[in-house]
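Undergrad: This is what each chain is made of:
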Amino acid sequence: MAGAESLLAPQDRRLPRLNRIELHQTNFFLGLFLAFISLFPVVYLSIPVLGYYVFALLVMLVAAIVPEVRLRMPVQLWTAIPLLIFLAFLADFVLIAGIDGAMEALTRLIILLVCYCAVAFRNRRKDLQLILLCLFLVIIVGVNVVSVLFILQIGVFAAISMFLMFNINLLDNSDRDETPDMIWEGFSWRHYLGRLWESANIRIFGLTAALFVLIMLLSAGIFLLIPRLGLENRLGFLGIRNTSSISGFSEDIGLSDITNILHDTRTALRIDPPSRDAIPADPYWRMLVLDRYRRGRFSVSDGLAFTREQLSNNRFTISDLSWVDDGSSAATDGEWLFYMEPGVSRWLPLPGDFASLRTKSRNRFYSIPAFRVMGQQNVNSQFLFYEVTGLAFMDRFPDRLITLEEWEPTDERFSSLIPESFGNGNLYRALTLDLPMNELDLEYLQEVVEEITGGRTLSAEEFVVRAKAYLAENHGYSLTSRVPRDARGNWTDWSERSDRIVRWLRSGSDGHCEYFAGALLVLSRAAGHPARIATGFRGGTWNSYENYLMVRYSDAHAWCEIYDGDGYWFRADPTPHSGEAEWDEADDMYSRFGISMDSSWNAYLDSLRVLWYRRIVSFDDDSQRDLLSTIRENFAILLEGTAEGFSQAGAAAKNWVRGPWDGSRFLNLGAGILILGLFVFLMRWLGWRVFPYLTFYRKGVRLDPVRRQAGKLLLRLDVMGGERVERLPASIEEVGSVRLQLQTLRYGAPETRKSPGMAFRRARSVLKRMRRA
Amino acid sequence: MSDAIRTTPVGESRETLLRLRSNINRYIKGKDDVIDRVIVCMLASGHLLIEDLPGLGKTTLAYCLAKSIDASFSRIQFTSDLLPADVIGVSVYEEATRSFSFKKGPVFANIVLADEINRTTPKTQSSLLEVMDRGKVSVDGATHPVGSPFMVFATQNPVDYGGTFPLPESQLDRFLMRIQMGYPGEEEEFEILRNSLLRYDDIEMDTVVTHEQIIDLQASVQDIYVEDSVLEYIIKIVTATRTESEFKAGASTRGCLSLKVAAQARALFCGRDFVLPEDVQEMVEPVLCHRLHLRRQTVDPMEERRISRTILNSIINSIPIPV
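Residue numbers (numbering that gives the first Met the number 0), protein chains in the order written: chain F, 0 to 772; chain R, 0 to 322.
Don't take every hint at face value.
[Claimed, not checked] Simulated pairs of lysine to any residue, SDA-like, Cα-Cα distance not exceeding 25 Å: (1) R:Lys-235 with R:Val-322; (2) F:Lys-711 with R:Gly-88; (3) F:Lys-753 with R:Glu-187; (4) F:Lys-125 with F:Arg-202; (5) R:Lys-235 with F:Pro-749; (6) R:Lys-247 with F:Val-53; (7) R:Lys-247 with F:Asp-180; (8) R:Lys-247 with R:Val-322; (9) F:Lys-125 with F:Phe-35; (10) R:Lys-122 with R:Asn-109; (11) R:Lys-247 with F:Asp-171; (12) F:Lys-711 with R:Ser-12; (13) R:Lys-235 with F:Lys-125; (14) R:Lys-135 with R:Gly-88.
Please keep in mind that the hints were generated in silico from the structure rather than gathered at the bench. Here the structure is a predicted model, which is why all the values come from computation and not from measurement.
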């Protein structure tokens, strides 16, 4: 029998089509549904619209339940309503909302307009208006209430509006024009739903739903795959810069290289801290240390450049740094996410040591242990994202012993400069005393040092404090500095011989961070304190939209690190007014130090970008794995819950059957059956076939059981007969007579009906034989 | 056909009708389906509009049918100057009796062949209306019944339309069916050539059915049982023609009734006393096609027929068969 049933598949079942009137009705209900969907989340807005909302919903509900009631309303009213709405908007705007609340008034206006458009007799123009208004509403609400609901809403909105537009097209395809009377006079939900059900193609619906789910899954898949394929670097709008444009943070910089980028207010680095409080008041994002000074240029000494270590980054995580173990200051909790724009530098901005650093791709990293800095092999031509845990903000960096065996000075002249006291213990510290200048300059420096120290021997810290004061006294801050060509302030040459920083010191002119840092460097070295330059960023701007730190190119900075004679290099920032918060009213030039708030439009645009980074770019392997395992766990929980639910239900049913059968129980049972019966009756009243192929109710003529049975057998005979009769030549006659008998029973007059039972038996036996054949 | 069927009254009529068909078949070769439809139309007491090119056997068919059922046959060649009186007859004053007496026109016959009906004026065309509808002619207050059975075979040429008066829709609605003859097959044409009968007067037909039998059969068509779901099926088809946007207007209620009667007649012709959905399907095209007019412009009438037929087929395919 099962085989025969499957042959009964509805191969020739063509469904009736909706006519134009019904399409018009469908159009109306679709528009109404669209309006419902777009209005629905308006209450989540923090705008006083509840009254309007409830009113609109009520009106739409009434129109949905009794659409024909709209015919009873006078035509003039329909034309007057838009005007009334506009007047209401004006009154609202002028009397209540005002300029500040213009958006609120506009939202209320749109709610009313959506309601009107949804309820009115729509032509094509009004249909399109409705779609646009709804879209507007959806977007207003969606932008303000960013939630998962919005995605769902926009998905349903898209589907319904496409359906609606398709319908409009269908209706527009003819020159006929139905008036509202023709469409709505005598409308009955029962008939309409019956027709909808009759003409609904469940297979098409199923396919469409499957397609929709497929697209959603595909989108999710793409979403998950983006980080793996590195799509973010291939998308133009994320901004891939010309990598040669920035030169501020290389291993060899001149006195103005960093200053050159100070005018660039683009964001170079975005830092997503675990919390706002985790960032110190005046953070230094240290990138590289330059230990050699020569003729106005700072660089990494050749020997040190060779001591760099390659870091293994196989699992995208670096945690086994050779220089992290030797004691560091307190690490912060949580994860720090760094998003570095392409072309900034090969060196990573890090304020200090860290426990682990994770990237999402297999980059090659190097570190220079003596400097405690790390970088990539090349300047990042692509956007770089890294995640750091256990990050410490340090202003003192432990010295790392560098011995002669480890490091071979390339310039033999330096060996004479190494004081006896350093011995062979740390050659490196000796070399950071190197001052390759002519005698005049060195003499001048000694004079200045004398002036600063007053002839006494000072500790490094003390010297730095005094030197900073000296510099601040004699020099102001300026982004443009003029350095005279000679010692007497004349613009003549002997610049070949006199050092640029010494000339600047002598001239007393203003300068920027590199001059200050350079001046402190040479003064410290002249005073016998090993010193080096550090470059990186200082401070940043707090983006209040998405709560992260924007570090711009204009935050680039240079400062000194001085050896304290006790195993540590401490940070010394000689640039005047830096770090002193009280200074910011004097000159807004200095207010960029420290962290300021930014809630401008640019910050908003920038925050959108970070949103993208956070959701998409930083979504790496581990996050994917986490997500998948979460899904699996939830699925397992669901399965378990379902199984448990079934067993519980089974137990409950068993208990229920065993339980005492008293009066109230019978009453409940009766009520349940009554409700079920009412439900079935309602379904039948609506003309719904609950199981399309097990029709317990057929719309239209009701068949008596004999006719129904005969029809079923006839159909089976036809389906099978098509191909199998040829193979049963002996029974063609028999099949013919069986078919005629069945036809007589199915379509014939009742009085001609003779022994249907026998005819059915005969038909079944023929069918059985045919099936065997 | 099994024995059980042959012994029933419908079985007997089936025998009779098959005899009639094979008789006509002797002269109209290879047109079994056309002959079937003509017989069905006659059983349903309807009138027939045959549309095709000249010389394809339209007149011969009508003549053969008339001769086979022992019915009187008359032929009216419609021309533009034909008057109603030329069709239905005229009252003339008789000197001898000093009264008007009615001279019956050619319409007083059992089978009337209205050749090239669209060549005559609407006035003459409409003079056929009453007689086609009621089988009676009213002249000067007196009503004269025409022959019984009465059937009008109208022919028209769908290609050569110059100077014609196309039948108005009201008149078209009165024809039960419109059919096409079509060219015969090669073998059949060979047969026709071999017999070389040029004029239909030369045809020697045997009478195989009396016209009383035909009247009985026509009466029994009414008794063919139509089950409710089949009636519903008919209504669905007719309703579909009314909602179909390709048609200017759908079929009329007369069209709906005609479809039912034609289906009943076909059931009788097939030897059944009940109607199958299949009967309805078979009759949709001949019964409804000429009652429907396309909204769009077509190059020539033949194309219009073709498009209408396609649309009707798609309508039939789109409506579920009652099972």
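Undergrad: Each hint needs a verdict: does it hold in this structure or not?
TA: Evaluated hints:
Using a Cα cut-off of 25 Å, the hinted pair R:Lys-235 and R:Val-322 holds, with the two alpha carbons roughly 15 Å apart. With a CA separation close to 57 Å, the supplied pair F:Lys-711 and R:Gly-88 exceeds the 25 Å bound. Restraint check for F:Lys-753 and R:Glu-187: not satisfied, since their Cα atoms lie roughly 44 Å apart, outside the 25 Å limit. For the proposed pair F:Lys-125 and F:Arg-202, the alpha carbon gap of about 32 Å is over 25 Å, so the pair is violated.
A hinted pair counts as satisfied when its Cα atoms are at most 25 Å apart, and R:Lys-235 with F:Pro-749 qualifies at roughly 23 Å. Between R:Lys-247 and F:Val-53 the alpha-carbon distance is near 46 Å, which puts this suggested pair outside the 25 Å criterion. Only pairs whose Cα atoms come within 25 Å are accepted, and R:Lys-247 paired with F:Asp-180 is accepted, the gap being roughly 21 Å. In summary, the hint linking R:Lys-247 to R:Val-322 is not supported, as the alpha carbons are separated by about 31 Å, beyond the 25 Å threshold.
Proposed proximity of F:Lys-125 and F:Phe-35 is supported: the alpha carbons are some 16 Å apart, at most 25 Å. Taking the CA atoms of R:Lys-122 and R:Asn-109, the gap is about 23 Å. The hint holds against a cut of 25 Å. The straight-line distance between the Cα atoms of R:Lys-247 and F:Asp-171 is roughly 17 Å, inside the 25 Å bound, and the hint therefore holds. Proximity of F:Lys-711 to R:Ser-12 is assessed by CA-CA distance (about 30 Å); at most 25 Å being required, the pair is judged violated.
A distance of roughly 34 Å separates the Cα atoms of R:Lys-235 and F:Lys-125; the hinted pair therefore is violated under the 25 Å criterion. With a C-alpha separation of about 12 Å, the suggested pair R:Lys-135 and R:Gly-88 falls inside the 25 Å cut-off, and the hint holds.
Checked against the numbered hints above, the structure violates hints 2, 3, 4, 6, 8, 12, 13; every other hint is satisfied.
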